[in-house]
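Asks: Spelled out, the chains give:
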Amino acid sequence: MTDKTVSVADDPAKVEPVAPEAGATMADVPAEAPGESRTDVRTAVSRGGASDGGAATAVSTRAWLKKSSGTWWGRYTVRILSVLVLIGLWHLASTYDFRLLLNFENVPAPGVVGGVLLELLSSDTFYRHIAASVERVAIAFGLATVSGVALGVFMGRIRLVEDVFSPYVEIFRPIPAVAWIPLAILMLPTEQSSIIFITFLGAFFPIVLNTMHGVDQTPKDLVRAARALGASSTSILIHVVLPAALPSIVAGMAIGMGIAWFSLLAGEIISGQYGIGYFTWSSYSLIQYPQIIVGMVTIGLLGTLSTLLVRYGTRPFLRWQR
Amino acid sequence: MRLGNLWAFGEGPSRKGPVHVGSPGARPETGRIRISDVSIEFNTNGRRNVAVDGADLEVEPGEFICLLGPSGCGKSTLMNAVAGFVEPTAGHVEVDGKRVNGPAPERGMVFQQHSLFPWKSVRKNVAFGPRMAGHSVTESDSIARTFLGMVGLSAYGNHYPSQLSGGMQQRVGIARALANYPDVLLMDEPFGALDAQTRSMMQQNLVDLRQEFHTTIIFVTHDIEEAVFLADRIIVMSASPGRLIEDIRVDLPHPRTHEIVTEPRFVELKKQCLDLIRAETTRAFEQQGQAV
Chain S
33 MTDKTVSVAD DPAKVEPVAP EAGATMADVP AEAPGESRTD VRTAVSRGGA
83 SDGGAATAVS TRAWLKKSSG TWWGRYTVRI LSVLVLIGLW HLASTYDFRL
133 LLNFENVPAP GVVGGVLLEL LSSDTFYRHI AASVERVAIA FGLATVSGVA
183 LGVFMGRIRL VEDVFSPYVE IFRPIPAVAW IPLAILMLPT EQSSIIFITF
233 LGAFFPIVLN TMHGVDQTPK DLVRAARALG ASSTSILIHV VLPAALPSIV
283 AGMAIGMGIA WFSLLAGEII SGQYGIGYFT WSSYSLIQYP QIIVGMVTIG
333 LLGTLSTLLV RYGTRPFLRW QR
Chain H
10 MRLGNLWAFG EGPSRKGPVH VGSPGARPET GRIRISDVSI EFNTNGRRNV
60 AVDGADLEVE PGEFICLLGP SGCGKSTLMN AVAGFVEPTA GHVEVDGKRV
110 NGPAPERGMV FQQHSLFPWK SVRKNVAFGP RMAGHSVTES DSIARTFLGM
160 VGLSAYGNHY PSQLSGGMQQ RVGIARALAN YPDVLLMDEP FGALDAQTRS
210 MMQQNLVDLR QEFHTTIIFV THDIEEAVFL ADRIIVMSAS PGRLIEDIRV
260 DLPHPRTHEI VTEPRFVELK KQCLDLIRAE TTRAFEQQGQ AV
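If you read the sequences in order, they're chains S and H.
Heads up, the first sequence is in our numbering, so the first residue is 33 and it goes up one at a time.
Heads up, the second sequence is in our numbering, so the first residue is 10 and it goes up one at a time.
Think of the hints as simulated: they come from the structure by calculation, not from any bench.
Hints should not be assumed to be uniformly reliable.
[Claimed, not checked] Below 30 angstroms or equal to it, Euclidean Cα-Cα: the simulated DSS-like pairs (lysine-lysine) are: (1) Lys252(S) <-> Lys107(H); (2) Lys252(S) <-> Lys129(H); (3) Lys252(S) <-> Lys133(H).
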């Protein structure tokens, strides 16, 4: 383990020179009008070329970064660099025991965490933790989507349904997932169902509210047009209301997915078996700091990936928007 | 009978050959509208607002009626009563002896703008009515192709509405309403949101389309020249309360072209409408002044 720490210790050497460069460009770009920046780059490059070599490379790198920040790969380069900068700063802070407002004395360095991660990646249990959490989120999110969209549509279409259910939605929605733990254990038969219930609640409310809002915002003229073309109420629901609400539903699903992971972590405190939340929580009890960070990053990545899945999975149905 | 590409402005292949659309040449028997003593009131913030007051109107089958009046005079409201979207507070509307009590595909509707289903392709938009009427997917598709050809948009069937210009979208809207073979076509300022050039082209194309298509049309507009150019009869409405104040027969020969706008009779009719509208607008202004 210590071996790895040393080997990654030269990392800042690689990262550091990039950092101020990237920082400077990111600060520069928004300050200038987009129309101006182009000519600015060109003059900067030609000026740089005429003067001494060191300045020339600095200026041309900057020009390249400015130019490429418009293209998608350029933008992703910036994003990756941004992450590398954070890891670099983290490394410096933990190796030099940074202590000012934030205390990094007991925070393991990225190299240590990376080593633990590699170790975990070669073990079966880590994947079982991930699989258990993914399964719970999938079930809870699936249930939340089906029931959330159904309830949201009815609340958006029928005033009585809205009046009956909106008090519940308003009151239950702000209750944090952790607060549900005791009741979830009391009310539901198994540990698994309690965790799924808590995760479900996290995803459910944003989906209900966004669906309701989307249904409510259906353009009146489109409903009129459909009625004038002979559509029944069911046809209007399928051909007009649902497609009109879909962008809003998808937004609700994306938010719901994020909150589902958030709630899952609270739910998995119950579990004494598997789950990435359980893994993180038990690492805390066992004072395994690198494992905690691995758990945190894994939750972050899984949350991001599943939200992207929602966005890209629904894209074919939203092609008409562009 | 030849129903070619009446609406083509150079784009899209034209459709040649016979298409059965209504009965060409002769006046149709269906599409008689009777508006009997219709009043429509709204409650806005607890205040009673009379949008239409005692409207009486009889429209012959195949007639082209323009409802002309200053904005806010209730002309759209009256048309919505014919469409079945608004229930009259008093009186009733009959189409071919049947009382209107809700929207129906026999009364096609063309809106001002943004009324196409943005998530459906242009062809699916036009095929929607036939689908709802119980035609199979393939039948509906071929009906949609026919009517898209009629408005000169055969090449755009697979586009989404957002990929079309405003004028093209309105042509799709007209094709969609016609694909149900309606007895009555209700057009609510359909060219109101278009630029002047496109609007005049659309008017000409509507005139051309009428050579083949004899549906009764109620066309709501506040554009006097548009009304005189298109209509067989212009019904002038007054504002607050909305009353039918004049029934002007436009005795200009059919089919009309835009050269007609300089002819003395056209100018005379236009002036007649203009004077009526101006008097009405002035009166409405004074009334608003008193109310304040």
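Asks: Decide if the proposed pair is consistent with the structure: Lys252(S) and Lys133(H), CA atoms, cutoff 30 angstroms inclusive.
Replies: Holds, at about 20 angstroms.
Asks: For a C-alpha distance cap of 30 angstroms, please report whether Lys252(S) and Lys107(H) respect it.
Replies: 26 angstroms, holds
Asks: Does Lys129(H) sit within 30 angstroms of Lys252(S), going by the straight-line distance between their CA atoms?
Replies: 17 angstroms, holds
Checked against the numbered hints listed earlier, the structure breaks none of them; every hint is satisfied.
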